[in-house]
Structures are given as C-alpha cells and as structure tokens.
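Those sequence lines, one after another, are chains A and B. In case it helps, my numbering puts the first sequence at residues 1 to 331. In case it helps, my numbering puts the second sequence at residues 1 to 266.
Hints may contain errors.
Stated by the list, open to error - Simulated crosslink set (DSBU-like; lysine-lysine; CA at most 30 Å straight-line): (1) A:50 with B:172; (2) A:43 with B:30; (3) A:43 with B:54; (4) B:254 with A:270; (5) A:77 with A:116; (6) A:77 with A:158; (7) A:316 with A:77; (8) B:254 with A:274; (9) A:43 with B:187; (10) B:54 with B:172; (11) A:60 with A:158; (12) A:306 with B:17; (13) B:58 with B:30; (14) B:30 with B:9; (15) B:30 with B:187; (16) A:50 with B:9; (17) B:54 with B:17; (18) B:256 with A:305; (19) A:274 with A:316; (20) A:43 with B:172; (21) A:305 with B:254.
If you're looking for bench data, these hints aren't it; they were derived computationally from the structure.
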Amino acid sequence: MYSIIYVEESVRDTPQTIQILKRYQNAAIVDCSHYGELFNRRKQNFRTQKQEPTLIIARKENKRVLPIPGEYAIEAKYNFYFSHMLNCLYDCRYCFLQGMFRSASHVIFVNYSDFKTDLTSHIENTEDSICFYSGYDCDSLALDPVTNFTRNFIPLFKPYQHAFLELRTKSTQIRNLLAMEPLPNIICAFSLSPNEIVDNYEAKTPSLNARLAAINRLRDAGWNIALRFDPIIFVDGFYTVYKQFFHHVYATLGDRHIHSITLGSFRLPKIFHKNMKRLYPDEPLLINGLSLTNGQISYVANLEKKMMAWCENTLKSLDSATPVYIQQPTV
Amino acid sequence: MNTFIMALKHEAYHVIKRYRLVLTVHQPFKVYQTQNMRVILSGVGKSSSYAATKFALKDRSTHHGLWVNFGVAGDRALPIGSLVSVSKVTEDTSARSWYPSIKQNPHCYVKELLTCNTPISQYPLNSACDMEAAGFMDAVSDAISSEHIHVLKLVSDNPSSGVGNLTKILMKQLVAENIDLVDAYIKLAEQNLSIEPKNLPSNVGKIFQGQHFTVTQTRQLLELYRSFSALCPEETWPNIELNSRDTASHIIAKLKLQITQLSPKL
Chain A
1 MYSIIYVEES VRDTPQTIQI LKRYQNAAIV DCSHYGELFN RRKQNFRTQK
51 QEPTLIIARK ENKRVLPIPG EYAIEAKYNF YFSHMLNCLY DCRYCFLQGM
101 FRSASHVIFV NYSDFKTDLT SHIENTEDSI CFYSGYDCDS LALDPVTNFT
151 RNFIPLFKPY QHAFLELRTK STQIRNLLAM EPLPNIICAF SLSPNEIVDN
201 YEAKTPSLNA RLAAINRLRD AGWNIALRFD PIIFVDGFYT VYKQFFHHVY
251 ATLGDRHIHS ITLGSFRLPK IFHKNMKRLY PDEPLLINGL SLTNGQISYV
301 ANLEKKMMAW CENTLKSLDS ATPVYIQQPT V
Chain B
1 MNTFIMALKH EAYHVIKRYR LVLTVHQPFK VYQTQNMRVI LSGVGKSSSY
51 AATKFALKDR STHHGLWVNF GVAGDRALPI GSLVSVSKVT EDTSARSWYP
101 SIKQNPHCYV KELLTCNTPI SQYPLNSACD MEAAGFMDAV SDAISSEHIH
151 VLKLVSDNPS SGVGNLTKIL MKQLVAENID LVDAYIKLAE QNLSIEPKNL
201 PSNVGKIFQG QHFTVTQTRQ LLELYRSFSA LCPEETWPNI ELNSRDTASH
251 IIAKLKLQIT QLSPKL
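Next comes chain B alone, as it looks inside the complex:
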C-alpha cells in the first residue's frame, strides 16, 4: 500500500480520481483509499503535515509501501508545471535537513527544497520552496526505510507568476496535466522495493493457531520457517512432532534443534 500525504483537496483531486480512491476516514484527517493506495489530507503547513504523517504511520501494514509527500511548490527558475523529485528537504527555521529517495527520470527535475512557515515572495536561490515537506520528513524518517520515502513537487508559482496567482483551479489543472508522470514515477520507485514476505504462509500459520506466540516469537517462527525452506525447499514445514502440552517456547526450541541437525557432513 502506497501512502500519499497531501496538503489540500484541490491538489489531491486528480490523484483520488485517477486511482479511484474512496473516502474511508473523516477524522482526524480525511483518508481516501483503495487496496493499494491511500491519500491522507494533512492541511497546510509543516505541523499539519507532521501530524497527518504520524497518524498514517499508525497503520503498520502500510510501512512496506512507498511514502510520498506530493503537492505544489514555488521555484525561482523552473517553469510552472515542472515535476520535481526532491533530493534534500531543509526546514527554514531550524536548518535541519533530510534526504528523500530520488528517482532520476527524464521528465522530472531533481532539486533541493526549503520548507517555510509562511508563503514567501522571495524565492530561494537554489531550491524550490513549500510549507509541508519538512514536517512529513521529520515524522516519516524514523519509521520508514529511507528507500521508500519520496517528496514530489509540482512547480505552481515562480517570480513571474507570484504566489498570489495560485488558485484552486490552477492546482487541479497542474496535477491533472502531470498525473501520468507522477504515476510513471511511482511505478519506477516501486521497482526497487523489497518484496520479502513478512508473514508465515497461511497454511503454515494455521498449524500454530492454537498457540499464543509473542511478537518476538512470531518473528522467530518466521525466521525458522525461512531457514528450513532455504535448506529443504522440497519438504513441508514443520515436520516435527507437536503435542498439545507444547508451549510456544517449546515449539521454537524444537524447531531450532531441527535446523541445527540439518548440518552438512563432509
């Protein structure tokens, strides 16, 4: 499941439409989603973006997908409508920096971004500027593997247009014009993600259904299953005798012993 944190509904409108997302949560943040994708509307500003990202992170089943902060940004040099894959996000007040993943792509600029507290009319020299990305990065960086984190921005204003002329209609229009590029970018970014299974296969899981395994024990069980499958890919697991009095730790000990006994002989 990919997660998009976006500030405004006008920015998200064509994303919601393109992926046929349905409004599933109203409070504290609006969440639009399907099976593989969700958009969380954070509202404007880095605090809102931080809070919305923290809220979205509570669903741990989504941690293995992409996490994208997508929205509009200003830039001194790039034409309106340019898509930017952000290489570095800096918070203006604290000067803290984060490094989202980048996908080099001929239809996408790579640029740094400055997150400001308020809309600005003096555009930074070498970076684009927005009001949310630093909040998103601050919240997401400790929880999600760095290769999954992206910040994508569409240039909506520059010195010749000015931020004052940015309207809801223009936001919608810019996203509509670039939605195919965004989709292509996401597909490219997804290619590198780890697709390791995180759970036991359901037929194996059923065998242990009557037992209570702690989180750590469940992880150990998965690891033992993988070790056994790697060494004996043709055999069914577990092929040890289990009886009703075995506790979870007994079962794990038996399975560990079994792996040890598979040692090769010269």
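So that you can see chain A by itself, here it is in the shape it has in the complex:
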C-alpha cells in the first residue's frame, strides 16, 4: 500500500518500526530527523497527496494525552484524547483533518510505551471516571493490522474499572478485537451514515452494511458498541433518507444492547472550512446551507435545529433505552 516510508532516525530500530517495515518490503525507506520536516512544511497540497499518501513512522515527543473540549464529553468526569496516528486511510469529504493538517501523509507514532505511561499516570491520578478517545486525528481501527493498536492499548485498561477507552471507527478491521477478551470499559464506537452519504462523501470506507455486520460480530462477542451519527448531513430528501437509514440500522442490530448514541450536525472551525474549500472549491457539501456563527461554520440555525431535533426524536422512538448525546459546536 505504501511505496514510500519516511522513518525518524530515533525510531529506526524499534521492534514496532521493524515490524511495520516488514509489511512493506518494496517501499522506498527514507530517513528523516523529525516527522515535522515533512508533515508540517508549508507548501503542500492535501488533496494531491491524498491520491497516494506516504507513511511516516515517528516518535511523539510530548503532549501525547490532551483534554477534549467539554461539549464532546459523554459520561465520564474527565475526558482526554490521544492519537497514535495522524490522518486516515479513508477520504471523507467532510473530514476536518483535511483542513487541519497540511499533509495527507499517514503518521504512526510508535513509542507506545510513552503513551501508555502517560495514560496510566492520568488513570491513577483519579478515582473518578475518566475516558480516553482514540479516534480524533485518525480512525482507531482502520490500520490496526499494521499498528496493532488494540492489542497494545486495550490490556492497559483491564485493571482500571473507572477508566474507559473509546475506539472511534468506520472500519471493519476487527480481527484483533475478536481475538481478545472483551472488556466492559472499552467502547467500540462506529460512525454510521446513510448509503447516500457513504457513496458520495465517504470514499474508501466500508459500506454501511459492512459496518453493521462488524458491529453485530463485536456485540455478539461481548464488546460494548456505541453509535455515532456525526456528521448529520443535509441531503435532498433528508427525512426519507435518514428515516430509512435509522430504521435499517435498528432492523440490522436487532435488540442488541447499545452503549450510547451521539448526534452531531456537520460543522467545522472557520479556518478548517477555508482550507477545505481551497482544496475542493467545487464541492457543494462545503457550501450548501452553511453559514458562519461564532467562528464556526455550520448549517444555518433553523436548518440545523430542525435536522437535529428530528433525528433525536426519530432515534428515541426507535430506541428509548439508549442515551442520546448531542454534540454541540462551540468555539
């Protein structure tokens, strides 16, 4: 998959790096001193690079575990996120990473032991509930066969009942999870969208049915499942499209227990939106019905309110037992 791999000199000989490089024996390997030399350089085109992304294997020096904005919290008292990867295999047109990062290269931070030390320190610092989100800057599972992220990080949570890990994903790479003992404090959170959205805006992702099949396999194996309907996107025939979608999801999942649901409408910080429009100037998704409010680009107030209220009511009519959380955009 990768024909060019850049490797930071500091991690060149780590077992994790060696294991990854073994998978890509035909790739050109190029040494670099710091991933930022490539990833953060000024003149780059995310869209062009996305056609054939390169891989960078690096060390995350600091700021490995960061607090999340309060409005994104679900149940836990303390909420943090961490990213063992930057960027994603998938190419979702609405994804904020396109506007946040200059480069579309995939970065894998292989100093897992440093991440684990930081996570443990946060966990042991409190007796209150604490949740860690792993899928903000990447998809948690999409590259799991390469990174072995789940095998490395999930066991860390076993002794701590007050600590939770949310894996946010659109992926069907669940083999590692199925081979492990399910833990009650791990939440496999799947982002789901109607087929119309998957087909038009979620390039390279598994189909809705493939994701639902993965959910059922994980749930049947004993893993916690959460559903993430975020972003909700305005499309022609919105009510029909989303009604059919929600009904299809619940018909497929049957009476399997769902940990939680979150709902969020399409929204972006102004600067990310500006960068994305520069990359995709002809993309209606980035224009249609959007307006600027308090530094955030989102659907015009009335439209957003109607869409979200309708989605929430529809979901509650299908499933009154699962808590629904609304992800509100704030700046």
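Dock chain B against chain A, hints included.
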C-alpha cells in the same frame, strides 16, 4: 509548464532536442522553452542553481507545473547510467535537508543525495553526490507545493570511473540513453498534479472587464464563481443585476448574498 533546472548545456542537450525547445532568454540565464516545458541553464554549483531557480520562479504562471532538478551525479555503488529519483537532499556544509517528491518506478533507483561545494573523490557511503540540488531545493521549497518538486540524477561517475573521466561527450551520451526513462518519469509525476482551474472562464471574465479587482478580490470572485457553479451547475453565472456604478466590492457583496440565498429548505 514543467521547469527543468540543469547545470550544463551538455546535460541539457538531449532534453532540448527531445522536447524541441527554443532559446528564448539569454540573460541572466539561458532559457530554452516551448509551451509546456522549459529548461533553465544554471551553471555549476549550488549558488548558481539557487539563483537560476529564483529567477525561474519569477514567472508565477509556471508554479503549477513540475519543478525538476536534473543532471549528473556521482555514486559509490550504482553503475554509470543509473537513473536516481532523489528522496532526500542534504547540503554538506550546513547539514540542512530537503525532501523532494519521489516516484517509485522499476527503472529508477531511489536514493539520498549529498550536495557538495567542490567535486569529490571520496564518494559518500549511502548517498549519491552532486553540486547543485541543495541550491535548487533551498530556492524552490518555499514557493512550490512539495508534490511538484523532483530531483532526478543520472549516475555519471563512481569509484571505478572517477570524476576525472567525466567528459562532455559522456554527459551527452548518458542523457541520450536515458531520455525515454526521464520522459516516462515525468509523465508519471504529472499524473498526480492538481489540475484545478486557476482563472475564471474567459466568457465570465469578460463580464467584469470594466471593473478593477484587486488580487484578493479576483480570488474571491473565482471562489464565488466556483461556489455558484457547484450549487447550480445548470445556470449561467453571474445572474445578478449589475449597474455601471457598482464597484468591485459592491459586486462581490451582491454575489455573496446570492450564494447565501441559495440555502436549502427542509
């Protein structure tokens, strides 16, 4: 328009011939070009290469094409005539590094390159060596998107041949033998380039001809045109009323309002 920065005319001879380039500029650097391609002869050394690249960058209409530093290089291990797509350029004196784009290709090696101030007889262990690439990379990296920048080298000398035996005839011959590979490499590299239109279509541009738009306003106009076309692909733009007293900023405000009014209804 693709831009090749090359040190010597002997290296460039077969490139000029292959692409039927014509000498259009004599000073401060010789420029050979056609509509889609140009070669700038920099002379030897990284300072010359830096200056020639800066000179070439002044023509902003060329910034969306490929920028290639092509020429001969020495290497400890590779046979003479090997084509190398350079993955990393390091300047020997400062140890600064740059990362040109690479195209993996079965006929082309991928290797690092060390740019030295003078010809050397002790070839570096793991990289090829030349005298220009660092100057080219230093000049081009701040101006051109990284995916457009390539450094291509032909191995002209190694420990068994020595740099002393590198002649003008050999340079010409090496390029002649590899020109098809270079051409194939360029075609491959071009495939990934963005082909976004950078200007308003001429029929639309004519409508605004009487007005003075600043550079920023022209960019805004192009963006508004694209937004409108994305939302209403069947309609002609602009379909607002313009009158002779409208200034450029009035026109832009009207067009922005029009896009806002296209908001969908539930």
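Hints and how they fare:
1. For the suggested pair residue 50 of chain A and residue 172 of chain B, the alpha carbons sit about 38 Å apart, so the restraint of at most 30 Å is broken.
2. Distance hint between residue 43 of chain A and residue 30 of chain B is fulfilled; the C-alpha atoms sit about 28 Å from each other, no more than 30 Å.
3. Between the alpha carbons of residue 43 of chain A and residue 54 of chain B the distance comes to roughly 16 Å, so the proposed pair stays at or under 30 Å and holds.
4. Note on residue 254 of chain B and residue 270 of chain A: the hinted pairing holds, with a Cα-Cα distance of about 22 Å set against a maximum of 30 Å.
5. With a C-alpha separation of about 20 Å, the suggested pairing of residue 77 of chain A with residue 116 of chain A holds against the 30 Å cut-off.
6. The straight-line distance between the Cα atoms of residue 77 of chain A and residue 158 of chain A is roughly 19 Å, inside the 30 Å bound, and the hint therefore holds.
7. Among the hinted pairs, residue 316 of chain A with residue 77 of chain A is consistent with the structure: their alpha-carbon atoms are about 25 Å apart, no more than 30 Å.
8. A hinted pair counts as satisfied when its Cα atoms are at most 30 Å apart, and residue 254 of chain B with residue 274 of chain A qualifies at roughly 20 Å.
9. Our distance criterion of 30 Å between C-alpha atoms is met by residue 43 of chain A and residue 187 of chain B, whose separation comes to about 22 Å.
10. Simply put, residue 54 of chain B and residue 172 of chain B have alpha-carbon atoms about 26 Å apart, close enough for the 30 Å limit, and the pair holds.
11. Between residue 60 of chain A and residue 158 of chain A, the direct Cα distance comes to roughly 24 Å. Compliance with the 30 Å bound is thereby established for this hinted pair.
12. Of the pairs offered as hints, the one joining residue 306 of chain A and residue 17 of chain B is violated, with about 66 Å between alpha carbons and a cut-off of 30 Å exceeded.
13. Of the pairs offered as hints, the one joining residue 58 of chain B and residue 30 of chain B holds, with about 15 Å between alpha carbons and a cut-off of 30 Å not exceeded.
14. For a cut-off of 30 Å, the pair hint linking residue 30 of chain B to residue 9 of chain B stands: about 9 Å separates their Cα positions.
15. Between residue 30 of chain B and residue 187 of chain B, the direct Cα distance comes to roughly 25 Å. Compliance with the 30 Å bound is thereby established for this hinted pair.
16. Between residue 50 of chain A and residue 9 of chain B the CA atoms are separated by roughly 37 Å; this puts the pair beyond 30 Å, and the hint is violated.
17. Of the pairs offered as hints, the one joining residue 54 of chain B and residue 17 of chain B holds, with about 25 Å between alpha carbons and a cut-off of 30 Å not exceeded.
18. A hinted pair counts as satisfied when its Cα atoms are at most 30 Å apart, and residue 256 of chain B with residue 305 of chain A qualifies at roughly 24 Å.
19. A distance of roughly 35 Å separates the Cα atoms of residue 274 of chain A and residue 316 of chain A; the hinted pair therefore is violated under the 30 Å criterion.
20. This hinted pair does not check out: residue 43 of chain A and residue 172 of chain B have alpha carbons roughly 34 Å apart, beyond 30 Å.
21. Distance check on the hinted pair: residue 305 of chain A and residue 254 of chain B sit about 27 Å apart at the alpha-carbon level, within 30 Å; holds.
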